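Take 1 as the starting number for the sequence shown in the numbering used here and just add one per residue.
It should be emphasised that the hints constitute simulated quantities derived from the structure, not laboratory data.
Predicted model, so just to flag it, every value in this text is computed and none were measured.
Glycine included, every Cβ here is placed at the ideal spot set by N, Cα and C.
Among the clues, some could well be false.
Unchecked claim - Pairwise CB distance ranges, derived in the manner of DEER restraints:
# : residue 1 : residue 2 : range
1 : SER1086   : SER891    : 38 to 48 Å
2 : ALA58     : THR201    : 32 to 42 Å
3 : THR551    : VAL424    : 24 to 34 Å
4 : SER922    : ALA866    : 17 to 27 Å
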Amino acid sequence: MNEPRNRTDRRASFNTTLRPLAAVMLMVFASAARSVVVLNSSTTGQTVSTDTAYQVNAGTTITTTLQNAVDVTGIAPVVFTNAGTIISSTDNQAAAIRFAVNGQLINNVGGALLGHTYGVELGTGANSNVTNYGDISARISHGIGYDGDASGTVDNFGTVNNAVAGPISTTPDGVYLATTGAVTVNNHVGASIKSGTGDGTYGTAVKAEDGTGAVTVNNDGLISGYHGGVLGISTTPMIVNNSNSGVIVSGTTDPGVQLQQGSTLVNGGAISSTGGPAVLLAGANNTVTLGTGSQLNGGGSTPAITSHGTGNTITLTGLGTEDGAFDATSGNGYASLTSAAGSSWTLDGDVTLGGASPAALNVAGTLELGGTVTQNGGGTTVATGGILKLGAGGRSGALTGNVVNNGVFQFNRSDASTFAGVIVGTGNLVHAGGITALTGVGSIQNDVAVNAGTLALNQAGAFRAASFETNAGGTTAIGAGSSLTVSGAYTQASGGTLNVVLGGVQPIITANTAALNGTLNVGGFSAAPPATASALPGTQFNVIHTTGGITGDFTSVGFGSTSSAVDYLTLAGAKSSDNLNYNVGLGLTWLAGPSKGNGVFTLANATDTFNVDVALANQTGPFTTGWDGKTLTKNGAGTLIFSSADSYTGATLVNAGTLRTGIANAIAASGNVSVASGATLDLNGFTQQLNNLSGAGKVTLGSAALTVNESAATTFSGAISGSGGFTKTGSAALTLSGANTYTGGTTISAGNLIATSGNALGTGAVVDNAALQLDFASQSTLANVLSGTGALLKTGSGAATLTGVGSTQATVTVNAGALTFGQSGAFSTTGNYTTAAGAATTLSAQSTLNVGGAFATNGMLNMSAANAGPAVTANTATIGAGATANIAGYSAAATASASQLANSAFTAIHTTAAAGLSGTFSTVRIGGTSPTVDYLTLTSTYTPQDFVVGLGLTWYAAHGTTPQTANGLFTLVNSTDSFDMDAVLADDSANAATSWDGKTLTKAGAGTLQLSKANTYSGATLVNAGTLRAGAANVIADSSQLLVASGATFDLNGFAQQANDLSGAGKVTLGSAALTANNSAASTFSGVISGSGSLDQNRQRRVDVERREHLYRRHDDQRGQSHRDERKRTRHRRGRQ
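Whenever a hint applies, use it, and build me the whole structure from the sequences.
Here it is, written out as structure tokens:
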């Protein structure tokens, strides 16, 4: 085909940097002056062959009914840039663009290629590159195809097979490589390469056929293929790099990534297959490296990686977790699995190793196995610095073969298992979960730490270690015939457990030194209660022997079925007097261990007492009694005394009788303290901290201070008495609902203290430095003085009345019910005050509210105008859309002038910040008395800083809370009545309720209305009766009409006036003033104009003055309209005064 003729020349710069943009791209190539041929829209195929640069602009469409839409031939290399739409015919082998010479395709943003077989086909030469910012699609075969000897790079910033130019079928591949040349595919962030979906055979995102040259796939975007994401069929090595943002997906049983021979996969992103392995190593000597962010998801129960060849290796770097198996067909186990130094990985699937090396499993980083690693002739080496973990608590984990451990070897299964291998090396053995029996003879390690679960030494003879420690949550079990020899220190921490069976070797444990804590359970052992715990005796049997001495002690010792006459005592063990041996024989049941241990202290009779003069700490279970190892229960009518500071963290349940303290903070560590109805907690004058206090019994302070620390919300409905004080700490809420009588005051240091009535806080001041909540269901009075930096919160449907004088809080929030201030003087906050919708704040006549921050109400505000005001003072105030105000006790008489109206005002809310008030009440109810004249109304108004209640001009009622009364009527009934309108009247909103137009003034009644300002209203001035007197010049100059009715008077009072469209039959008294009659329409005045002043007339329209018998001077202004225009330009409209 012939080439299009319109052509442009563009010069390029040698130092231009090519950048991918998300908008329109500007492509400038480093070359000398290059001629660019622009192709126009066409319905026939185009062959380009005579130039080296071609361009299809946006909006251009090239389609063909024959084969290729565009054939690129001739001069090489060629640069073809597309921003339009190119669509090939539906003939077989047709391409949207086919390169017969090497070159570069740049498909810009908005560019769309749709070929039948190929979107773009590159068939020859090096540097055959594709840069895509738009979409390249194929109907049936390949979006982008390389064949022949073409080599180059695909940089995809857009989409492949996104079907922008038209639909595609179920069969096309995304990028198809069948070339002997080397190709790199770069799929960038946000880009996608897809295949067709639904065909039984075809549709791969990136496919390298057999015979293809070296292929590198770098994926930062989405590669999604129905029959595989990236499939290497060629035995030429392939490199696949899938970054953290990369996603490779297969929609069938084909793998997400397939490697053939000597290939490399480095994965930091997601690779998945709907029905097959995420990765298939189809041949031998492939290398897989999994890094941080790697996610391999095989379909269903299929493995993450499958090996079909020998010599394949897996290396783990960075951080990651893999649930799927690393599987292999028979004889094709992985040559090695390496955890690289610095890495940390968890493998939950099974792993099949085929290497024979002692380091077939080579751990230099941290590796956690949740599945089974099967060795086939090889072993495991944990390097110095390496950590190998079998299991992770809730997972199983297994390993076969012997272990050379120079790092850390950890068991952490959730079930029982046996490890039969021999463990040697200079490393440390850690047990972190499950029950693991070691049976290999001759094992030796540097340090052994049993941190959790049970490590059972069941080997014949001794297990040897340089040091041995059983930590909290861990159990060491030594079976009959087995022993433990420790050249250094044997240590059992608090919460640790040692289980031994007597009758065999004695001593069972030999060590240089021993430090004891936790639990000892003794099997095979076969002795009346004292008044104190310190007097408990014991029997002797040697369990531990040391040469350097024993420190510490077991906190619980169990002896099987032997029992005591009282439930709080049982058999126990003790150290020898020289502290070199530990011997077992009666102790506290608290320390009895899992089989018998419990926290119940039953003193049945009222005269029974027992003094626990040793500290009680948490014990390790589980316990057959159902005890949690940390809860103390006091039963029976007798008295239990605590004379040591206990450290147990469970609950203290005083169910009956008395629990008395004999030391400060005796149970400060107890997580919860409950005092049942009828029971007593007697502080006995000792200061105590109690955690999470609850119940309905009694707490007697004496002179002691009680601190209650809440980490979980509780309620105490009993009575607290005594002369001591009460302090609330902790983040959770404590509810006091009883009638408390303590007199030492209340301090809230943290969390929320909830009082359900006014007597819940005893007497004395309340210092609130956190949150005080008054959750009153009915009316109640709180007389305590409040202070502190905390918040006051009112909830509950009842009313809470505060009467303490001088109270302050940081913030107050009224969420429900009513908060009533009944104190004399001010209640102050340093912060905000908020009333929620449905709630109310009430201020009595003698009370005010000073808010240092923002005052906000969405509910009801009740106050009395009898208060001198302001009732509420705040920095800012916000009135919500549904808020209402009730103001009682207002009283004011009518004023003589408008300027005196301010004296009738009651300031309900005052803000100190500039423009501090926002919002208006939806309803304002004002109770009291007010004058009944029609030109004044009792209303409330809003200024930028204040909400004010008082008398206002009915003229401006639209701006208050009684807009329905707005009108321009001034009725002064009696001849002696007068009102000085010494504020400007301006045009306002019309009021349909009174039929007022918002700009007409009507004077009615026999009295006198004086206008003392130059008003700006533009409506009529209707003097229907009495006198309208001027108190300044030009008071009605902007009024469109002056009508003086018969019997009425307009008194200029010596002030010059302009009257527009004068009419009527009343009187106009000039005094010495000049009256200018300015008419825009003809009018007649039949009344009397009197005085020594003059009448001037502008002659735009005539006014007929019928009665002239009174003396005045008349001057006709010949300037007419020009005079009036000048006056309009110079007239100054005034705002409201």
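**Message:** Name the hints, by number, that the structure is in violation of.
**Reply:** none
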